[in-house]
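> Sequence:
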Amino acid sequence: MAQKIVTIYTDDLTGEESEEAKTHSIAIDGIVYEIDLGPDSYDKLMEAVGPFIGKARKAGRIGKGAKPRGTGSSASGDTAKIRAWAKENGYEVNDRGRVPADIREAFQKASK
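Quick note, the numbering used here runs 23 ahead of the 1-based positions in the sequence shown.
Restricting the straight-line Cα-Cα distance to at most 25 Å, the calculated cross-link-like pairs of lysine to any residue (SDA-like) are:
{"hint": "1", "residue 1": "K110", "residue 2": "D66"}
{"hint": "2", "residue 1": "K110", "residue 2": "V72"}
{"hint": "3", "residue 1": "K81", "residue 2": "K132"}
{"hint": "4", "residue 1": "K67", "residue 2": "T37"}
Simulated restraints on C-beta separations:
{"hint": "5", "residue 1": "N117", "residue 2": "Q26", "range": "39 to 47 Å"}
{"hint": "6", "residue 1": "G38", "residue 2": "N112", "range": "32 to 40 Å"}
{"hint": "7", "residue 1": "D118", "residue 2": "T33", "range": "18 to 26 Å"}
{"hint": "8", "residue 1": "Q26", "residue 2": "G113", "range": "56 to 64 Å"}
{"hint": "9", "residue 1": "T37", "residue 2": "G120", "range": "18 to 26 Å"}
Think of the hints as simulated: they come from the structure by calculation, not from any bench. What you are looking at is a predicted structure, and each value in this text was computed from that prediction instead of being measured. Glycine included, every Cβ here is placed at the ideal spot set by N, Cα and C.
The whole structure should be built from the sequences, with the hints applied where relevant.
What follows is the structure, encoded as structure tokens:
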């Protein structure tokens, strides 16, 4: 007998099925939460927490596959921080989608 296993990914915020849903970890007051979000819901999450992330200090990484601090390129969480900085500094930046390279470069220069 043949078996077929079907995995259905569901956005926890909307309840909608999404092939693009991914699991994201959030830690607050020492408690780690996980939520499965599609791209639109993830953008909403980052818009909501972006102002706080922009003012926070990095304290490390959590979860499986955690990388040491200071390695690799900007994390996707940095996108909200960059958008907030860009808006505060007079740049026109969309609320969704890729942040243009010139804005990322300006942010990196200003952060040094």
